[in-house]
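A.B. asks: Those protein sequences? They're chains A and B, same order as listed.
Numbering-wise (the numbering used here), the first sequence opens with residue 59 and increments by one.
Numbering-wise (the numbering used here), the second sequence opens with residue 46 and increments by one.
Mixed in with the good hints, there may be bad ones.
Unchecked claim - Below 30 angstroms or equal to it, Euclidean Cα-Cα: the simulated DSSO-like pairs (lysine-lysine) are:
id : chain 1 : residue 1 : chain 2 : residue 2
1  : A       : 64        : A       : 127
2  : B       : 93        : A       : 284
3  : A       : 389       : A       : 462
4  : B       : 208       : A       : 198
5  : B       : 93        : A       : 265
6  : A       : 459       : B       : 93
7  : A       : 439       : A       : 462
Rather than coming from a laboratory, the hints here were simulated on the basis of the structure.
Spelled out, the chains give:
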Amino acid sequence: MSDRRKALRYRSRILQSEDERRPETHPLTWRLHDDGRVVNLEDYRAQEGYEALEAVLKGDPKAVIAAMKEANVRGRGGAGFSAGLKWSLTLQGGDMPRGYLVCNADEMEPGTFKDRLVMEQQPHLLIEGMIIGAYANNSKMGYIFLRGEYVECAHVLNQALAEAREAGWLGTDIAGSGFDFDIVLHSGAGRYICGEETALISSLEGKRANPRAKPPFPGQSGAWGKPTVVNNVETLCNVPAVMLKGSDWYQQLSGDRTDDGGTKLYGVSGPVQRPGLWELPMGTTGQEILELAGGVRNGRKLKAWLPGGASTGFLIPEHLELPLDFDTVGKEGSRLGTGLLTVVTEDQSMVSVMRNLEQFFARESCGWCTPCRDGLPWVVKLLQALECGEGEEGDIEMLAKLAKDNGPGLTFCAHAPGAAMPLETALKHFRHEFEQGIRHPRRAAHADPIPVGEI
Amino acid sequence: MNPSNSMPPRTIATDGDGFSLHPDDLEAIRGELHHFEQPQAACVEALKIVQRREGWVPDGAIPAIADALGLGPATIEGVATFYSLIFRQPVGRHVILVCDSSSCFLTGFDELRQGLVDQLGVEFGQTTEDGRFTLLPVCCLGACDGGPALMIDQDTYGPVLPKDLNDLLEAYP
Ligand SMILES: Cc1cc2nc3c(=O)[nH]c(=O)nc-3n(C[C@H](O)[C@H](O)[C@H](O)COP(=O)(O)O)c2cc1C
Ligand code: SF4
Ligand code: FES
Numbered sequence: 059m060s061d062r063r064k065a066l067r068y069r070s071r072i073l074q075s076e077d078e079r080r081p082e083t084h085p086l087t088w089r090l091h092d093d094g095r096v097v098n099l100e101d102y103r104a105q106e107g108y109e110a111l112e113a114v115l116k117g118d119p120k121a122v123i124a125a126m127k128e129a130n131v132r133g134r135g136g137a138g139f140s141a142g143l144k145w146s147l148t149l150q151g152g153d154m155p156r157g158y159l160v161c162n163a164d165e166m167e168p169g170t171f172k173d174r175l176v177m178e179q180q181p182h183l184l185i186e187g188m189i190i191g192a193y194a195n196n197s198k199m200g201y202i203f204l205r206g207e208y209v210e211c212a213h214v215l216n217q218a219l220a221e222a223r224e225a226g227w228l229g230t231d232i233a234g235s236g237f238d239f240d241i242v243l244h245s246g247a248g249r250y251i252c253g254e255e256t257a258l259i260s261s262l263e264g265k266r267a268n269p270r271a272k273p274p275f276p277g278q279s280g281a282w283g284k285p286t287v288v289n290n291v292e293t294l295c296n297v298p299a300v301m302l303k304g305s306d307w308y309q310q311l312s313g314d315r316t317d318d319g320g321t322k323l324y325g326v327s328g329p330v331q332r333p334g335l336w337e338l339p340m341g342t343t344g345q346e347i348l349e350l351a352g353g354v355r356n357g358r359k360l361k362a363w364l365p366g367g368a369s370t371g372f373l374i375p376e377h378l379e380l381p382l383d384f385d386t387v388g389k390e391g392s393r394l395g396t397g398l399l400t401v402v403t404e405d406q407s408m409v410s411v412m413r414n415l416e417q418f419f420a421r422e423s424c425g426w427c428t429p430c431r432d433g434l435p436w437v438v439k440l441l442q443a444l445e446c447g448e449g450e451e452g453d454i455e456m457l458a459k460l461a462k463d464n465g466p467g468l469t470f471c472a473h474a475p476g477a478a479m480p481l482e483t484a485l486k487h488f489r490h491e492f493e494q495g496i497r498h499p500r501r502a503a504h505a506d507p508i509p510v511g512e513i
Numbered sequence: 046m047n048p049s050n051s052m053p054p055r056t057i058a059t060d061g062d063g064f065s066l067h068p069d070d071l072e073a074i075r076g077e078l079h080h081f082e083q084p085q086a087a088c089v090e091a092l093k094i095v096q097r098r099e100g101w102v103p104d105g106a107i108p109a110i111a112d113a114l115g116l117g118p119a120t121i122e123g124v125a126t127f128y129s130l131i132f133r134q135p136v137g138r139h140v141i142l143v144c145d146s147s148s149c150f151l152t153g154f155d156e157l158r159q160g161l162v163d164q165l166g167v168e169f170g171q172t173t174e175d176g177r178f179t180l181l182p183v184c185c186l187g188a189c190d191g192g193p194a195l196m197i198d199q200d201t202y203g204p205v206l207p208k209d210l211n212d213l214l215e216a217y218p
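Full structure from sequences and hints, please.
C.D. replies: See below:
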């Protein structure tokens with residue numbers, strides 16, 4: 059491979075050095091090597107690996123759920139639902155058949171690149187978390203639903219699964235406990251909607267990835283009608299340390315920044331000096347994260363930011379002071395989402411950015427519900443018109459209405475509300491930019507992403 | 046001749062059209078069945094297995110896979126046409142997937158796309174005349190801190206500037 063080409067290869071990496079990452083403070087990343095090589099079984103085992111599982115297997119599965127509830131590990135896939143609470147609702151016992159534990163590794167939310175890091179470099183942490191989760195939920199089989207483009211992850215995970223099986227952490231009678239469980243890696247074939255948990259189950263079953271109505275929730279009736287637990291990669295990776303070190307320790311990781319405990323893989327992408335990924339206490343502020351990223355590129359000013367992917371609402375510079383936890387961000391008309399920030403600078407057009415986001419949502423709609431299937435392409439058309447100054451009176455009102463029609467509760471799944479939230483918040487904070495697209499009729503189309511309006 | 050991405054409407058093939066699954070592929074597909082409660086679950090993987098060998102999923106493969114899984118061809122075709130990484134039209138020897146999502150958009154996707162279009166002489170959804178490259182957009186590649194990003198076959202690159210394209214494409218004859 060030519061050197062030039064090698065230099066262009068994308069490598070997942072964490073921007074904290076080994077010295078900075080400690081077992082007591084960085085439960086998700088302390089074992090990662092600076093050179094990015096995989097933490098293999100031997101490595102992992104020598105650093106507390108599978109010790110949590112060993113301890114858990116000696117006790118009552120209910121104790122795992124209780125500990126997860128007390129630690130209040132909130133779902134890192136974006137919705138922030140308590141994992142312990144979810145697990146306590148999984149049907150089990152009596153004549154209920156054993157079900158499935160599915161790891162959501164579909165990571166396709168624009169602006170999100172965190173799960174990839176853990177899977178490429180520390181696969182055993184995820185595998186251990188899954189086995190503990192399976193023990194708690196009485197799952198007979200686990201699936202890692204991995205997006206098809208993550209070929210390096212697939213390679214590393216398959217190797218790690220073989221290692222774990224060989225060492226007796228997977229299979230029958232795990233570590234002499236009498237508990238049986240194995241994991242299969244399922245690699246997908248594209249489409250963002252597969253990340254929605256019920257669509258993911260449809261996809262796993264080999265169907266078109268259309269979401270399903272809830273209730274019944276997957277914990278009641280999921281894959282092949284069996285109780286199914288779906289959790290995000292990062293959520294499951296929090297489990298071993300919670301079990302080993304306890305919920306009090308987990309809570310204090312975030313200090314008095316927020317009520318939510320633990321750490322979070324936070325990141326920044328877009329036009330910043332040093333885009334990247336860090337493991338930081340839950341409740342770290344946008345300001346702190348942006349500073350780690352070296353601030354905005356080329357001395358420009360920050361205009362707007364998404365706190366956690368394309369389906370979260372736009373925030374503005376004054377929100378940088380807020381602790382980034384689920385409830386605080388929720389109160390500002392946005393969502394923490396995946397916790398990976400996307401930055402928009404002063405010279406970039408909100409109308410163009412919005413057009414790009416809605417093109418994504420329109421294309422990735424599964425087509426089941428009318429407002430989503432037909433409404434989002436309409437949103438794209440209106441935005442395209444505004445973008446080249448060809449908007450008409452009433453367009454902005456129509457955009458607001460279409461956003462409302464795609465709001466929570468009106469469609470089968472949260473894809474449509476995810477498309478509505480950035481639009482509503484962009485209209486709220488930057489309405490003037492959209493109005494420029496009307497006030498300057500018949501302006502020549504301009505190249506992206508130069509702002510609409512007087513230049 | 047212009048490269049074209051429009052094709053006449055087609056019906057679902059119900060006979061094999063002379064296509065038969067390679068014995069290794071058939072075995073691989075059968076092996077997949079053990080991982081799931083029901084055979085249909087192996088459908089996506091079966092399509093990927095065929096595509097790995099053929100580059101795409103030819104019409105005749107649909108009834109062949111249906112047979113192997115004990116399902117109807119319409120079920121398989123329905124699945125094949127849903128997923129963006131299953132190709133139901135021939136593609137070039139190498140597939141270039143360019144991330145067109147937000148972070149890459151904010152860091153130079155438009156310039157990168159233009160660079161590719163200029164260099165290859167095709168738009169998204171098209172294959173170069175020599176059958177070397179197919180150019181497609183893709184959702185966020187999870188490489189946003191390296192935006193603008195793209196994938197060629199199994200390899201992810203980023204950040205990629207238009208001036209890098211010569212060096213990059215050279216490696217995919
Ligand atoms: C359109 C859409 C796409 C989603 N994509 C993902 C994804 O790629 N990864 C993920 O973990 N969760 C994704 N989710 C959230 C899942 O539905 C689900 O809430 C999550 O997997 C639950 O895991 P957690 O509680 O551990 O966060 C998506 C949701 C929607 C509506
Ligand atoms: S909201 Fe959109 S993506 Fe979700 S089920 Fe409806 S049409 Fe499909
Ligand atoms: S937005 Fe392009 S890789 Fe994430």
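A.B. asks: Quick one, are residue 93 (chain B) and residue 284 (chain A) close enough, alpha carbons at most 30 angstroms?
C.D. replies: holds (27 angstroms)
A.B. asks: Does the alpha-carbon distance linking residue 459 (chain A) and residue 93 (chain B) stay inside the 30 angstroms limit?
C.D. replies: Distance of about 41 angstroms is beyond 30 angstroms: violated.
A.B. asks: So if I understand the rule, the pair passes when the alpha-carbon distance is 30 angstroms or less; does residue 64 (chain A) with residue 127 (chain A) pass?
C.D. replies: violated (45 angstroms)
A.B. asks: Are residue 389 (chain A) and residue 462 (chain A) close enough, with their CA atoms no more than 30 angstroms apart?
C.D. replies: Distance of about 18 angstroms is within 30 angstroms: holds.
A.B. asks: Would you check the hint for residue 93 (chain B) and residue 265 (chain A), treating anything up to 30 angstroms between C-alpha atoms as holding?
C.D. replies: Measuring from Cα to Cα gives roughly 14 angstroms; hence the hint holds.
A.B. asks: Going straight from one Cα to the other, do residue 208 (chain B) and residue 198 (chain A) come out at no more than 30 angstroms?
C.D. replies: violated (52 angstroms)
A.B. asks: Regarding the pair residue 439 (chain A) and residue 462 (chain A), is the alpha-carbon distance no greater than 30 angstroms?
C.D. replies: holds (17 angstroms)
When the structure is compared with the earlier hints, violations turn up for hints 1, 4, 6 and for no others.
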